[in-house]
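Residue numbers (my numbering), protein chains in the order written: chain A, 2 to 189; chain B, 2 to 335; chain C, 156 to 546; chain D, 27 to 223.
Since the hints were derived computationally from the structure, they do not count as laboratory data. Treat the hints loosely; a few may be bogus.
[Claimed, not checked] Below, in silico cross-link-like pairs of lysine to any residue (SDA-like), each with a Cα-Cα straight-line distance of 20 Å or less: (1) K315(B) <-> K105(A); (2) K44(A) <-> T347(C); (3) K31(A) <-> H358(C); (4) K467(C) <-> P117(A); (5) K16(A) <-> P460(C); (6) K230(C) <-> I139(D); (7) K317(C) <-> P32(A); (8) K105(A) <-> L472(C); (9) K138(B) <-> G405(C); (10) K36(B) <-> P32(A); (11) K74(A) <-> L472(C); (12) K192(B) <-> K315(B); (13) K219(D) <-> N234(C); (14) K230(C) <-> T154(D); (15) K499(C) <-> A75(A); (16) K105(A) <-> R246(C); (17) K16(A) <-> L198(B); (18) K204(D) <-> K317(C); (19) K230(C) <-> G199(D); (20) K219(D) <-> E218(C).
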Amino acid sequence: MSLSTAIRDVAGGFKSLLVGMRITLGQAIKPSITVQYPHQTLKMPARFRGHVKLVLDPETGKSRCTACGLCVKACPSDCIELDGIKREGEKKKSVTEYELDFTKCSLCGSCVDVCPSDAIEYSKDYNVVSLNREDFSHMDLVKRLEAEAEIWRKHHPPQAAAVATTPVTAPAALATGAKTPSPGQKAP
Amino acid sequence: MSFLTLEPIRLLLYLVGVCAFVGANAAYLVLAERKGAGRIQRRPGPNEAGYAGLLQPVADGIKLLAKQIMVPPGTDALLFRAAPLMVMAPSLMCLAVIPFGANLVARDLNIGLLLVFSFGSINVMALMLGGWASRNKFAIISSARVVSQNVAYEIPMLLVVITMLMVTGTMNLNEIIHQQAGWFWNWNVFKVWVNPLMPVTFVIFFICMLAETNRAPFDMAEAESELVAGAFTEYGGMGFGVFFMAEYANIVVGCCLATILFLGGWQSPFGALSGVLGPLWFLLKMYALIFTVIWIRWTFPRTQFYSLLNLSWKILIPLSLFTLVLTGVMIKII
Amino acid sequence: MIAQKDSISPGSSLRAGGPAGPEADQHCPNETFVLNLGPQHPAAHGVLRVLMTMDGEWIKRAEPVIGYIHRMHEKMGENRTWAKFLPNTSRIDYLSAMHYTHAFVGAVERAAKIEVPPRAEYIRVITSELNRISSHMVWWGALLLDLGGFTPILYAFDDREKILDLLEGLCGARLTYCYYRFGGLYNDVDDTFLNGTREFVQHMQPRLKMYRDLVTDNIILRKRLTAIGGISAELCRKYGATGPVIRGSGVAYDVRRAEPYSVYSRFEFKIPVYPESDSMARYLVRMDEMEQSLRIIGQALDQLPEGPVMGKVPRVLKLPPGDTCYAVEAARGRFMVRIVSDGKEVPYRVKLRTPSFSNLSLYEEASKGMILPDALAMMGSLDLVIPDIDR
Amino acid sequence: MNPSLEQLTEQFTGLVGANGPAGTPIVAGLAEAGPGSATAATPVGAAVAAPAAATGALAPAAPPPLSPVQTVNHALKGYDFDATVAPDQVAAAAGILDASGFSLDTVTGVDWIAQDQMEVVYDYFHPTAPLRAVVRTRIPRANPELPTILHVFPGANWHERETHDFFGIRFLGHPNLKPFLLPEDADFHPLRKDYQP
């Protein structure tokens, strides 16, 4: 290697270093891109797949679930257990117990896919945290729905539709929803 | 005022001052580094402890103090414990001769420069002993690297310093600064009439300083993605903390030296205002250099080990030898 | 500059009688030691363990020990219906989940002769290529982390976040999408996604230039990767290495061309090939692949047909007896699913041929005589995802 | 250097034809699966006697026995070439494919418990030609042994170890059949159909 190419190599290498430093400096004066999580939260997109929850029928204020058990069959992780009874005067069964083992759930969405009566949907709740394992291994969706239904009954009928889409903040969901700010609200 | 002139009291005050200076610098340079990294990476950095994260060093300190210093079984416990102190103490010693202002110096030694370099070399040995005493394979590899790296970079650094000695003709650091009085083109780094390659010399010094302090991109000793934490792998708690602080103390010393040798120390760039504001100018220049060190760390990947050595033996040493000869010739001609 | 470094790099004259060869044994018979790199090590990208027999910093033998996160996906496949195995596929290589789901879905569709509507195939291509870019970005950042550069990974994640946001808006998940279904897709794309993807393609061009200026052209990176970690094309062939590894060895093997699946035959794209076979070649292949992926996405967006996204699928899926293979070009190389059916609802055998497994298997041979930092740089350039190896 | 399907067929016919008739149970690996596993509940011995005959008898709908070497429609199966060889021919088969420039894709097993057999499948792809080849062989379940192809494709090392892990198939000549993905002390083979956790 001749001296001149060696010098050119060294100079070229040194220049590449300076270019790199210019870029990092240029980035340093740009605003930061991170979201300071507990202070700020993100709005989840409409299709966000949280844990499943029972849908509140805005017309009746009850679940549409007929306890047909298709979701139980479709679940790859066997994490749904449900039970229903046939009430008098009704054509179909209605759900009395819907337990989700969220510790096993892989959020694949097979259950929502197969549901013939659109009775389950994904919640937008991503603040799923608790000190108690039971909160997730036996997630009582009927109980959660009951909390929603209570709000529904209070506001029924005008805001019914709006209520049905707000996140769950039931007593049972204390650890998961109540302490942390609900998604969709962005702090300044 | 009279008691201030008493030598022991003055020295004691300076000792406390230097310790406080190093401690505060080490603590807050860590924060500055993390904040700087955050800025470069477009995130806020630590901002939870105290206002804008200003209490983060305190929190870190408490965390480190609360941890047990484990001495791994089968190690040389004495060496293992001594190593952090041996890294820390020389950097403190170096600061004794650094003039922060015209009169703000603990000991205005005639051989200040020599003292800084003598003590600066101890740090290598301490890292090596720490790595060796850890009885950990990663640490031993790291100590071997430290030695070869520091030996390689000591040479060009000293060659540069010899060049500077030829230019300045003295080893007294304050004297060197006095020579650079006046406008900023009187600073050694711009003295192209003495040596046209003076800015290059400064860059060589700066690179060697990075390598000597084991800073990225020359952090072979720590190399966390290869050697876990290198020589510090087995250290926990404040043992690790002292190593960490020593790294920053060494950077401070290195940047002080660069400021003194090349950037006119406490001299103002405009020829005036250097008396009272001297320390301010000094700190300004020093922190600008430290910022560059941080900036470099968060920009580049780590160098390869043999290109690191090649850089020294094949580029820096010939180049610094060349500048040395050139300077000698120029001085003779002038 | 390369020649300079070689003077003390592996296999050079300064190391004559050096540690790697047989002469080393006479030179210093008992001077080796075993370095247990991992299973918890910063460069191990998960839980890979490499047993290294070292002579100083020179590697005499590096034997990967795997299986620390083995989950027996193949057995899980034999215990559930075809549809129920679908979520598993995203979890084999979580960084390129789309491709893996694509392969499994494709295999079942091929065996059951399910027609997939063209719109669904186009969207599969778009999402697959987005996923490839996001996967390469993680690799890029992680490689730079291995090399001690901390900042690039955050820039990469900034851009990757945009992809993840797009995919999350599309299918609701950010990593384990489970978006493809037998016969089509889980749901149709909306305008937000299409416009967002167009914007992203626009956004990425200057960003890729920035990546190049900041990292690719950087002298330190070039020194660390160029002429280091050579893997010859023959070695790749003998070990079945695929993806950027074989393309970095000068062989233009890409499943998208060799066995065109989905609608890949309708797009124009180049297969980046670098004959240097060093770590830098593999690096450049991936960087170029991101550009090509953007090209494919652009074309697919322009050609996107209207129509349904779900074909006719029998309610109870039973595959005819026999075996079927389906291979895709995942971000790390050739991923093949071999399914064997006995006519029941449950697979008789699901074989997952993962690229990282083969790519890592050549590591022992390729890393001989390297020094530790180079060997780790080479490991980074293989782009390993450990769950992909262990399954 | 890129081989054609005709060449491969010729070479493999030569290989299989030489040793094939000597009692090698050449069962086309495609058609017999359905009825075979339908008899899974019956005593294994019944199926051992004549697997090929049983296949024909129980599956009238299945196509007639296929030849051991055949070309396949890639669009339907995902590979172009399918050869069934005797267990001791796998290395020779690998040699043929190696000479044609193929690369080893994977090695795996299938446990045909109803026929009391293990099938070992070698997948090959070609790096430069659009060709995929499958070589398969059957070995008795009671003594699942066959030679290794390690000396032809060193990459088979890990694949064979994995197959040994999962099926207990012993690859004679393999230097290191220790548990690989399974725990070090694993003495079970989870992908065998009679494996009970």
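Violated hints - listed by number, lowest first: Violated hints: 1, 5, 8, 9, 12, 14, 18, 19 and 20; rest satisfied.
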